[in-house]
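Produce the entire structure from the sequences given, and follow the hints as far as they go.
For the sequence shown, this note's numbering gives the first residue as 504, with consecutive numbering after it.
Honestly, I wouldn't trust all of these hints.
Stated by the list, open to error - Straight-line C-alpha distance at most 27 Å; calculated DSSO-like pairs for lysine-lysine:
{"no.": "1", "residue 1": "K725", "residue 2": "K712"}
{"no.": "2", "residue 1": "K712", "residue 2": "K656"}
{"no.": "3", "residue 1": "K656", "residue 2": "K725"}
What the hints assert, rightly or not - Quick list of the computed label-pair ranges, beta carbon to beta carbon:
{"no.": "4", "residue 1": "Q713", "residue 2": "F591", "range": "18 to 28 Å"}
{"no.": "5", "residue 1": "F591", "residue 2": "T665", "range": "34 to 44 Å"}
{"no.": "6", "residue 1": "R760", "residue 2": "G655", "range": "44 to 54 Å"}
{"no.": "7", "residue 1": "R728", "residue 2": "Q648", "range": "18 to 28 Å"}
Derived by calculation from the structure, the hints in this document are not laboratory data.
Here the structure is a predicted model, which is why all the values come from computation and not from measurement.
Using N, Cα and C, we set each Cβ at its ideal position, and we do this for glycine too.
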Amino acid sequence: MSDEDPVLVHEADDGVAHVVLNRPDARNALNLPMCHGLSEAFARLDADDGVGAVLLRADGPAFCAGADLKEREGRDEAWVRRRRLASFAAYEAIERCSKPVVALVHGAVVGSGGEIAMSCDFVVAADDTTFRFPEPHWGTVGATQRLQRVIGKRRAKELLFTARTMPVDEAAAVGLVARTVPAAELLAVGEQIAATIASAPRLAMSLTKQAIDLGSETDLPKGIRIEMAAIERCLADGGWRGGVEDFATTMRESRSRAAAQEGS
504 MSDEDPVLVH EADDGVAHVV LNRPDARNAL NLPMCHGLSE AFARLDADDG VGAVLLRADG
564 PAFCAGADLK EREGRDEAWV RRRRLASFAA YEAIERCSKP VVALVHGAVV GSGGEIAMSC
624 DFVVAADDTT FRFPEPHWGT VGATQRLQRV IGKRRAKELL FTARTMPVDE AAAVGLVART
684 VPAAELLAVG EQIAATIASA PRLAMSLTKQ AIDLGSETDL PKGIRIEMAA IERCLADGGW
744 RGGVEDFATT MRESRSRAAA QEGS
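Encoded structure:
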């Protein structure tokens with residue numbers, strides 16, 4: 504990928520991959536090449552055994568200012584329909600990635616930007632972030648499904664009907680954002696979170712994500728069966744023994760430190 508690509512992918516040695524929205528001059532407005540770039544990037548990272556976590560972030564003053572409406576000038580309905588399907592495919596590629604995906608958002612998060620963020624497993628936001636979902640006011644329909652599943656039906660209606668700007672503190676209060684940090688610390692905090700995720704056994708982390716996602720679509724008894732199936736896969740893999748050994752080592756070291764402190 505070149506620096507001119509709308510989506511950049513950087514892979515670090517610690518198992519953390521960075522997917523970067525790279526249209527800063529357009530405030531990272533989502534266009535067709537960016538849709539394709541996101542789909543391709545997440546398909547590749549999903550198949551990469553060396554990746555344990557993904558950070559999705561953006562260059563420039565805004566995370567994503569929504570759909571790039573300029574690319575629709577002179578287009579017909581068939582083209583716009585295909586373009587919308589491409590965006591749905593991009594969101595789904597993010598959502599279906601077996602690796603944990605953390606969104607790092609800052610500045611304006613509008614329309615499609617919110618869809619991208621909500622397709623991730625959770626969102627860490629800079630304290631300068633705002634959210635807005637103006638689709639009906641742009642003469643279209645969008646964010647009607649993920650938004651209500653994240654913040655509830657009535658809150659979703661209020662945001663979509665009014666197109667008002669939601670400040671980051673409110674977004675955190677309603678569950679759209681998991682954590683808020685100072686803007687200058689966003690990348691460092693995100694890298695720390697991703698490194699922690701990537702350090703866990705890969706199979707256990709992937710199955711945890713899968714069990715949560717599948718369990719959210721069913722009732723508790725079926726969800727428990729989903730979890731038990733995941734546990735059986737971990738037992739068959741044998742990696743759980745390493746977790747037990749690590750725990751025992753941590754406990755021994757903790758007791759040793761406590762004994763040393765008592766003796767000093």
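Run the structure past the numbered hints and jot down the numbers of the failing ones, going up.
5
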